[in-house]
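Please work from the sequences and hints to get the whole structure.
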Amino acid sequence: MINNLNILLPEIFLTLSIFSVLMIGVFIKNSFNLIFNLSSFIILLTIAIILNSSNNVEKIFLESFTRDAFSNFFKILILISSLFVLNSSKNFILDKKLAKFEYPIIILLSILGMFFMVSSNDIILFYLGLELQSLSLYILASIDRDNLKSSESGIKYFVLSALSSGLLLYGCSLLYGFTGSTNFDLIANELGKENTGAVFAMVFILVGLAFKVSAVPFHMWTPDVYEGAPTSITSYFAVVPKVAGLAVLIKFMLIPFSKILMEWQTIIIFISIASMILGAVAAIGQKNVKRLLAYSSIGHIGYALAGVATGAISGYESAIVYISIYVVMNIGAFSCLYLLKKDGEYKENISDLSGISKKHPMLAISFLVILFSLAGIPPLGGFFAKFYVFTAVVEQKMYTLAIIGLLTTVISAFYYLKIIKTIYFDDSVISFDVTRNKFAQLSIFISCSILLTFFLYPSVLNNVVDTLFLN
Amino acid sequence: MDFPILSTLIFLPLVSSLFIFISRGQKKNNSAIYVSLFSSLATFILSLFVWYSMDYTSADFQFLEEQSWINDFIKFKLGVDGISILFIVLTTLITPICIISCINSVKDRVKEFLIAILILETFMIGVFCSLDLVVFYLFFEAGLIPMFLIIGVWGGPRRVYSAFKFFLFTLLGSVLMLVAIIAIYWITGTTDVTQIYEIKIPKEYQNLLWLAFFSSFAVKTPMWPVHTWLPDAHVEAPTAGSVILAAILLKMAGYGFLRFSLPMFPLASEFFTPLIFTLSIIAIIYTSLVALMQDDMKKLIAYSSVAHMGYVTLGIFTFTKQGIEGSVFQMISHGLISAALFLCVGVVYDRLHSRMISTYGGLVNYLPKYSFLFIVFALAGLGLPGTSGFLGEFLVLTGTFQKDYLVAMLATFGVVLGAAYMLWLTKRVIFGVTKNDQIKNLKDVNKSELIMLGILALLVIFFGFYPVPLMETLDVSVDNLINNYEIAVQTNGLK
Chain A
1 MINNLNILLP EIFLTLSIFS VLMIGVFIKN SFNLIFNLSS FIILLTIAII
51 LNSSNNVEKI FLESFTRDAF SNFFKILILI SSLFVLNSSK NFILDKKLAK
101 FEYPIIILLS ILGMFFMVSS NDIILFYLGL ELQSLSLYIL ASIDRDNLKS
151 SESGIKYFVL SALSSGLLLY GCSLLYGFTG STNFDLIANE LGKENTGAVF
201 AMVFILVGLA FKVSAVPFHM WTPDVYEGAP TSITSYFAVV PKVAGLAVLI
251 KFMLIPFSKI LMEWQTIIIF ISIASMILGA VAAIGQKNVK RLLAYSSIGH
301 IGYALAGVAT GAISGYESAI VYISIYVVMN IGAFSCLYLL KKDGEYKENI
351 SDLSGISKKH PMLAISFLVI LFSLAGIPPL GGFFAKFYVF TAVVEQKMYT
401 LAIIGLLTTV ISAFYYLKII KTIYFDDSVI SFDVTRNKFA QLSIFISCSI
451 LLTFFLYPSV LNNVVDTLFL N
Chain B
1 MDFPILSTLI FLPLVSSLFI FISRGQKKNN SAIYVSLFSS LATFILSLFV
51 WYSMDYTSAD FQFLEEQSWI NDFIKFKLGV DGISILFIVL TTLITPICII
101 SCINSVKDRV KEFLIAILIL ETFMIGVFCS LDLVVFYLFF EAGLIPMFLI
151 IGVWGGPRRV YSAFKFFLFT LLGSVLMLVA IIAIYWITGT TDVTQIYEIK
201 IPKEYQNLLW LAFFSSFAVK TPMWPVHTWL PDAHVEAPTA GSVILAAILL
251 KMAGYGFLRF SLPMFPLASE FFTPLIFTLS IIAIIYTSLV ALMQDDMKKL
301 IAYSSVAHMG YVTLGIFTFT KQGIEGSVFQ MISHGLISAA LFLCVGVVYD
351 RLHSRMISTY GGLVNYLPKY SFLFIVFALA GLGLPGTSGF LGEFLVLTGT
401 FQKDYLVAML ATFGVVLGAA YMLWLTKRVI FGVTKNDQIK NLKDVNKSEL
451 IMLGILALLV IFFGFYPVPL METLDVSVDN LINNYEIAVQ TNGLK
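Respectively, the protein sequence lines represent chains A and B.
Counting from 1, one number per residue, gives the positions in the first sequence under the working numbering.
Counting from 1, one number per residue, gives the positions in the second sequence under the working numbering.
Think of the hints as simulated: they come from the structure by calculation, not from any bench.
Note that this is a predicted model, so its numbers are computed, not measured.
Glycine included, each C-beta is placed from N, C-alpha and C at the ideal position.
Among the hints, a few may not be true.
To be verified - Each pair of labels, with its calculated beta carbon distance range:
hint: 1; chain 1: A; residue 1: Glu102; chain 2: B; residue 2: Ser31; range: 19 to 27 Å
hint: 2; chain 1: B; residue 1: Lys440; chain 2: A; residue 2: Val281; range: 54 to 62 Å
hint: 3; chain 1: B; residue 1: Ser68; chain 2: A; residue 2: Ser449; range: 18 to 26 Å
hint: 4; chain 1: A; residue 1: Phe270; chain 2: B; residue 2: Phe38; range: 50 to 58 Å
hint: 5; chain 1: B; residue 1: Glu66; chain 2: A; residue 2: Phe13; range: 46 to 54 Å
hint: 6; chain 1: A; residue 1: Phe61; chain 2: B; residue 2: Ser68; range: 40 to 48 Å
hint: 7; chain 1: A; residue 1: Asn52; chain 2: B; residue 2: Ser31; range: 47 to 55 Å
hint: 8; chain 1: A; residue 1: Phe61; chain 2: B; residue 2: Tyr197; range: 53 to 61 Å
hint: 9; chain 1: B; residue 1: Phe11; chain 2: A; residue 2: Asn52; range: 47 to 55 Å
hint: 10; chain 1: B; residue 1: Ile487; chain 2: A; residue 2: Ile313; range: 19 to 27 Å
In C-alpha cells:
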C-alpha cells in the first residue's frame, strides 16, 4: 500500500503545500505577494510532478482512485489554465484591493478538489472532490465582500449549487441502493442487467453535473455570478471548473454508465441543443462583456456536450479538444478585460470598447482574433474545435444535432460581430491607461498566437488526446 | 518534390502583410503601399509563370502539393488545372490594381487597409488552388474576415448594416456546406477532391449534398432570391472592396459549381438543372429591370453583376462545351469589366463624394479621357462584339440553345435589357447637360487611375478580339469535365 502512494504524489504535494502556505499567511503579515508567487510556483511544481508520473492505469484505495493518462491530461490542463488565470489577474486583484492571502490558497484548494474529481473511481470520492471544489468557489465568488454584487453572486451561487449538490447526492445514494456498490467499475457491471432505478439515479447525477458546467436548463446562476464576481474570479469560473466538469461527465459515460448509454445520450443531446440555442440567442441583448461571455460559455459548453452526446470515443476526444481550445480563447478574452482600465476603474461594458482600434491597435486586433475564433470562423483555432466536434457528430449520423449546432454558430456570430463592430467601426470614446500588466499581455499574446497558428498543425491536440483512451 | 510554387503563391501576400504589420511607427504610408504593390506584382508574375509553364494538353491537376494536415486523413492538397489557373491569374491581376486605387481613395488607416487586402488575396488564391474540401472551406470562409473589416471600417454611411448582412448571409449558406463536407468524408472516407471524383458518391446522397453546397454557392454567386446582400455590400464598400467583391469573390461560387457540384454530384446536377435555369432566368431579367431604375451608380452595377452571374450559372448547367467555356469566359471578363466599372465610379466618387447618377451629367465635356474609358467599359458590360463581354454571353447563349429554346430566348431578352440600363447610365452620366457646376472644375484621370483603367481596357478589348489564350487553357479541362459528367449520367440511365 505504502509503495503505491506515489500514485497520489501530486495530490499529497498539493495538500501539504496548501497547509504550509496557509501557515505562512497566518504568521507573516502582508504576505499576499509572497503567497501569490509561492502558489504559482506550487502549480508549476505540480505540473512537473504530473509530467514525471507514468500514464499507466493504476488504482489504489480499494480502486477508488485512478491515475491514468486521462486524469493526468485534465490535471495538467486545469493547472496550466489556473496558472494563466491567476497570474494575468494579479494587477486586477491588487487594484481592486482583493489582495488577501487566502485568495490564491482557496484557488489551490479548489484545484485539489478538481484533482480528486477527475481521478475518482468511486462516487464517494467523486462527491468529496466536487464539494471541496464547490465550497472554494462559493468563497471565491463573494471574495469582494464589501461589494453588494459580489456578495449577492456568492449567495446565489451557494444556494443554487447546494441544491444541485443535494440532487447529485440523492442520485448517488439511489445508485448505491440499486447497484449495491459505490465503485464505478462495479456499478458498470451491475448496470449490464435490467435496472430501472439506476436510470433515475443517472438523471439526478446528470442534473448535478449539468449545473456545474452551467448547461441549459441549469444555467440560471451563470450570468449573475459572472457579472457579480470580480473579473479575476469570473475568468477562473469560466475556465477551470468547466474543464473538470466536462472530464467528470466523460468519465461517467465512459465507466459507470457505459451500459445505459442510450438513456444518458438522449438527455445530453437535449441539454446540448438547448445550451447551444440559449447561448446564441440570449447573448444578443447583453451590454456587459462579462455577462455576454457567460452566455457565450453556455453556448460553448453546448458544443462540447454535442461531442460528448455522440457516446463514442471520437466524440469524447473532440469534446476534449474543444474544451482545450475554449480554455485558450477564454483566457485570452478575459486577459483583454484586465487591460481595459481607465483612471483605476476597470470597464466592462461593451460600449466602453467603442473605437479602441484607433488608440489601442494591438489590443483591438487581439480582441478581433479571439472573437472571430470564439465565433468559429476559419482559419482560427475555434473553427477546428467546432470542426472536430461536428465531424464526430456526423460520424454517428446525428445530422439534426450537427445542423442545429452549425446554425446556432451563425446566430452567435452575430453578437461576436457586434463587439467587433464596436471595436472597429465605431468612434473612439475612451483611451485606456497605459498598462503595466505584463502577464496579461503575455497571455493574450500566447492565446492569439495559438489561435492564429493552429491551422498550421491542427492535429497537435488530437495526437495527445488520442492517447487518453488507449485502454 | 519540386519547389512548392502554389504555396509560395498563396503565402507570399500573407508574408508581406506580416511584414507591413511589423513595420509600424512611421507616419508616411507610402512605404506600405510600395511594399504591398511590389509583393502583389511579384505574386502576379509568379502566377503568370505558373500559367505559362502549365501543360494545356492535360486535364490532370498540375503543380500538385500534398502535406499531411489533420490527423493524416485530411491532406493539405493544392493543385491547378486549366479552369482554376485563370481565376488565380485574375485574382493576382486585380489585387495590384486595387492597391493602386488605394492611393487615391483610402485616406484613413491605409496600412491596415493594405494588410486586409493582402490577407484577402492569400485566401482568394487559396480557394482556387485547394484540392481538398476542408482546405477549400477554410479559405472560402476565412475570406469573410478581411472583407467584413474592409466594408465595415472603410465603408460608407450604412456600412455596419451591409457588413453584417454580407457576413451573416454568407456564413449561413456556408455552414450547411460544412455539414455536407463532413458527411462526404464519412461516406467516401476522404475529402480529397480527386479521390472523390474516382469514388463517385452514391446516388441516394447526391441530392441532399448538392443542395447543401448549393446553399453556399447560391448566396455567394449571388442568385435570386438570396442576392440582396450584394447591392448593399457593393454600395457601402470602399472602391477597392467593391472591385474585389465583384471581380473575385463572386467568382468563387461559379468556380465552386464547376469544381465540386458538377463533378462530384453529376446526377443531382442533372436533377436540379430546371431549378438553376429558373433562378438564373429570374436573375437575368428581374435584376436587369431593377438595375434600370437605380439612381445610385454602384447599386446599378451591383444589380448588373447579379444579372451577369445569372448567365454564368445558366451556362454551367447546360453541360455543353460552349456553355461551360462561355461561363468561365464570362466570369473572367465580368471580373475585368465590373472591376473597371467600380473603379470608374470610384474615380468620380473620390472627387465629388457622390454616387448618385443625378449628380453627374455631361462629364464628356470636362473629363474626356475618363469618359472614353467609361464608355469602353459600359459597352463591354452590355456585351458589344469586339469586347470580352460579348464572347461570354454569346457562348453561354449558344450552349443554352442546345438545351432549351425557351430559356435561351428569355436569356437573350436579358441582353437587350442589359444594353438598356448600361446605355441609359452612360447617357445620364457621360452625356447630357452639365447641371452641376462642380463638374466644371474636376480634373481628368490622373496617372495612377489611367494606368489601372488603361490596363483593364486593353485586356477587355484584347480578349474580345483574341480569346484564344483563355480558351486554349480551358479546353481540355472542360472537355474532361463534360466527359465525366456524360459517363456518370449515362451509366445511371438518366439519358
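Could you check the hint for me, namely that Phe61/A and Tyr197/B are 53 to 61 Å apart, CB to CB?
Because 58 Å falls inside the window, the suggested range holds.
Starting from the hint 50 to 58 Å, judge whether the C-beta atoms of Phe270/A and Phe38/B obey it.
Holds, at about 57 Å.
Taking the Cβ atom of Ile487/B and the Cβ atom of Ile313/A, is their distance within the range 19 to 27 Å?
The hinted range 19 to 27 Å is violated for Ile487/B and Ile313/A, with Cβ atoms some 40 Å apart.
Looking only at beta-carbon atoms, does the pair Glu66/B, Phe13/A fall within the given range of 46 to 54 Å?
holds (47 Å)
Could you see if the CB distance from Asn52/A to Ser31/B stays within 47 to 55 Å?
This hint holds: roughly 52 Å between Cβ atoms.
Could you say whether the range 47 to 55 Å given as a hint is met by the Cβ separation of Phe11/B and Asn52/A?
violated (40 Å)
Range agreement (Cβ of Ser68/B with Cβ of Phe61/A, hint 40 to 48 Å)
holds (44 Å)
Against the range 18 to 26 Å, how does the distance between the Cβ atoms of Ser68/B and Ser449/A compare: consistent or not?
Given about 22 Å between the Cβ atoms, the range holds.
Would you say the C-beta atoms of Glu102/A and Ser31/B sit inside 19 to 27 Å of each other?
Between Glu102/A and Ser31/B, where Cβ atoms are some 55 Å apart, the hint is violated.
Supplied distance hint 54 to 62 Å, evaluated on CB atoms of Lys440/B and Val281/A:
holds (56 Å)
In summary, the structure is inconsistent with hints 1, 9 and 10 from the numbered list given earlier, while agreeing with the others.
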